[in-house]
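Read off the chains here:
Protein chains: 2
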Amino acid sequence: MLVVQKYGGTSVAGTERIRNVAERVRQSRHKGNKVVVILSAMAGETNRLVDLAKQVSKEPDGREYDQLVSTGEQVTIALLALTLQSMGVPARSFLGHQVRLLTDSSFSKARIKSIDAEIIHKELNKNTVVVIAGFQGTDPEGNITTLGRGGSDTTAVAIAAALKADACEIYTDVDGVYTADPRVCPEARLIPIITYEEMLELASSGAKVLQSRSVELAANYRVPVWVKSAFLPVKKNGSKGGGTLVTNRAMEEMVVSGIAHDRNEAKVAVRGLADRPGVAARLFAPLAKADINVDMIVQNISEDGYTDLTFTVSKIELPKALRIMHQQVRKIGAQKIEADEKIAKVSIVGVGMKSHAGVASRMFETLAREGVNIQMISTSEIKVSVVIREAEMEKAVRALHKAFGLGKK
Amino acid sequence: MLVVQKYGGTSVAGTERIRNVAERVRQSRHKGNKVVVILSAMAGETNRLVDLAKQVSKEPDGREYDQLVSTGEQVTIALLALTLQSMGVPARSFLGHQVRLLTDSSFSKARIKSIDAEIIHKELNKNTVVVIAGFQGTDPEGNITTLGRGGSDTTAVAIAAALKADACEIYTDVDGVYTADPRVCPEARLIPIITYEEMLELASSGAKVLQSRSVELAANYRVPVWVKSAFLPVKKNGSKGGGTLVTNRAMEEMVVSGIAHDRNEAKVAVRGLADRPGVAARLFAPLAKADINVDMIVQNISEDGYTDLTFTVSKIELPKALRIMHQQVRKIGAQKIEADEKIAKVSIVGVGMKSHAGVASRMFETLAREGVNIQMISTSEIKVSVVIREAEMEKAVRALHKAFGLGKK
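Same order as they appear, the protein sequences are chains A and B.
Going by our numbering, the first residue of the first sequence is number 1, and it counts up by one from there.
Going by our numbering, the first residue of the second sequence is number 1, and it counts up by one from there.
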């Protein structure tokens, strides 16, 4: 088997933990697997580098920023290769540009264009463990680019796809994907198998276990992805405690397979907006231009030619978004702009929704019974998201988890 | 003027100090200079990385080691470029491979083969400050290589040579080259101008202000090198307090221009060695093969067909050297092997020695008067080095400094 293993920042925080990773790699190789390892930077290191950049520059240039923050992964891959070698396991580390992981030039959120699989296959055929820096690539001019936060998951899936690997194993500090966040909902259960679609909705709804771009990529290239604990004893794929398999078919079609929550969004309401064609475009185009990601958008029914527009952005980008909104409103006119950071988004996700009616209404009834007021609603084919008060989030998650029978076996 | 400026680890230790470097660069550019900056890693960072490598591997593989330790410079160049940009100065950072600084594949002590000056000139012509990582390059296979400790000086001189720069300015924590180490000899004076030859002898005799490889390179390509303080106010080249100029001609031919000392060597004596042709080669060839640098070698006059060989190596390499010596002696036979770490080397250097007789004897007389016993002697055309007891080193330096009139104006 050709296996791509990815280890996150907490799994490589310090040489002791790197030794633990090396031991897992050795075991996988001992079973006869060819192993490619993708690593993140040590936990905290990327933040330290970002902090240095902030000390010298308010709006750091993307190219220099990426040159800076890509060093964290370079340290961990070299250390893992050295550790493997000291255990007698041949290993070789590669930076993004050394495996020609080509991206576009969108610094800090570059998109992967191609990978030179030949370089990697050549090393694997020599029986060498190939250790590759996650999160980074190079553009056609040789500038170092990074893929954005959590980009190492994307690196792992992209490399698994390029190599046509048998499995992509994402090792993290949880042992799989749960029906809800166990810290919020103690009855949450591990989901043994889940579809790409569901995983994608969960990831983009705030479940932090996988980066949504990596799930998208896995779905496109049909890469089977395992989410596993980097700290529990190694178990066979698919066995009890063996993590979650993300694939193109669920074992059984649960109506709802999981509940996700997200506290990182803020709500912006633009009230008393003249309801003319093109007004939404004039509000949102400059946000897009400033690379601010708008998540939910709700427009009220127009009244006397005026309307309200409400949308959510990440809390970090709220000040920038408000600055832009005030500029735009000065041009196009509106009554007022309101912002609220004390909100949370709760989402239910499940492929079963496609065929089962009444899922959304059961969600609303459950929340009503708990006295939780719904501020915004957004739906997709396999997801319903609501925005509620942040203080009521935990209560809402637990009630929904129970209402959809996720706690029972 | 095209100026290459190099700043060492203490000059870039922290974002405050990096701002100081940026200010100096800005001033130089403001005078109309095109500026290329070469940086070291933050003071302590390379040691931290080396320490991590040691934690995971007793004898780290060169390729992975270089992959690891080259990250320190990547951090400082990106931070300097960001700092310059935030001051309104266009700047761009480059790694070794990004300016095609090609080296051989001798990891951790790679030799520079070529540099793509065009890439740098193109940026300079756009009026951009070019910031380049010192200490690192790339081999023809794309592996990252490093040039060895202090390699950033060599990077600076090599780039100055490739660009045909008007000056190469090495900024450090001292304000120039002194007649002796001021911490040992309070009467030491700054040398305003010194020849490459003298600087080379001083550097290889333990004066730490410039790496000897960089001086060699400067001499070969006739690059004028200034040694200056990174912390004192900026002064005009050649003005009082303006540092030391290393060039091909001295202002006046001092008989002795400086005194260097080195506490980092250890002495190894092989006694009772059968004095046959080829015996020295059999002793030293395996040392060379193990990359152990032997400095001084003294062979006693043979007596009854037996001789003693004494040599010095760096203290760090002593255990390895002794291991090899014991192996070799087992094959070729000798009475015993002795090692002494409590030694120091003191050297007097000056181009004037070529034409002035009696310099060495004045040195020996001075040491005899101080009661300092000489254990080994080695001479070159412009240098005399002696090995003495480490405890007597400071006394010897001060006495010699006085005897050769270096303290007076």
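The hints are simulated quantities; they were obtained by calculation from the structure and are not laboratory data.
In this text, all values refer to a predicted model and were calculated from it rather than measured experimentally.
Do not take every clue at face value.
In silico BS3-like links for lysine-lysine, alpha-carbon gap of 30 Å or less [stated by the list, open to error]:
1) A:Lys354 / A:Lys402
2) A:Lys122 / B:Lys113
3) B:Lys208 / A:Lys58
4) B:Lys109 / A:Lys126
With beta-carbon atoms standing in for the labels, derived distance ranges [what the hints assert, rightly or not]:
5) A:Arg222 / B:Lys164: 54 to 62 Å
6) A:Ala285 / B:Tyr221: 53 to 61 Å
7) A:Glu59 / B:Lys164: 33 to 41 Å
Derived list of chain A stretches under chain B, where covered just means 3 residues or more per stretch with a C-beta under 8 Å from a C-beta of chain B [stated by the list, open to error]:
8) 15–29
9) 46–60
10) 83–89
11) 93–105
12) 294–302
Glycine included, every Cβ here is placed at the ideal spot set by N, Cα and C.
Here's how the hints hold up against the structure:
1. Proximity of A:Lys354 to A:Lys402 is assessed by CA-CA distance (about 21 Å); at most 30 Å being required, the pair is judged to hold.
2. Proposed proximity of A:Lys122 and B:Lys113 is supported: the alpha carbons are some 27 Å apart, at most 30 Å.
3. Of the pairs offered as hints, the one joining B:Lys208 and A:Lys58 is violated, with about 38 Å between alpha carbons and a cut-off of 30 Å exceeded.
4. For the suggested pair B:Lys109 and A:Lys126, the alpha carbons sit about 27 Å apart, so the restraint of at most 30 Å is met.
5. With their beta carbons about 56 Å apart, A:Arg222 and B:Lys164 fall inside the hinted range of 54 to 62 Å.
6. At about 55 Å, the beta-carbon gap between A:Ala285 and B:Tyr221 stays in the expected band of 53 to 61 Å.
7. Restraint check, A:Glu59 to B:Lys164: a C-beta distance of roughly 36 Å satisfies the suggested window 33 to 41 Å.
8. Counting residues of the segment 15–29 of chain A whose beta-carbon sits less than 8 Å from any beta-carbon of chain B gives 3, enough to reach three: the coverage restraint holds.
9. With 8 residues bearing a CB less than 8 Å from a CB of chain B, the segment 46–60 of chain A meets the requirement of three and the coverage assertion stands.
10. For the segment 83–89 of chain A, the assignment as covered by chain B holds, since 3 residues bring a beta-carbon within under 8 Å of that chain's beta-carbons and 3 suffice.
11. Residues of the segment 93–105 of chain A lying with their CB closer than 8 Å to a CB of chain B number 4, which satisfies the three-residue condition for coverage.
12. Proximity of the segment 294–302 of chain A to chain B, defined as three or more residues with a beta carbon under 8 Å from a beta carbon of that chain, is not established by the 0 residues found.
This entry does not satisfy hints 3, 12, going by the numbered hints stated previously.
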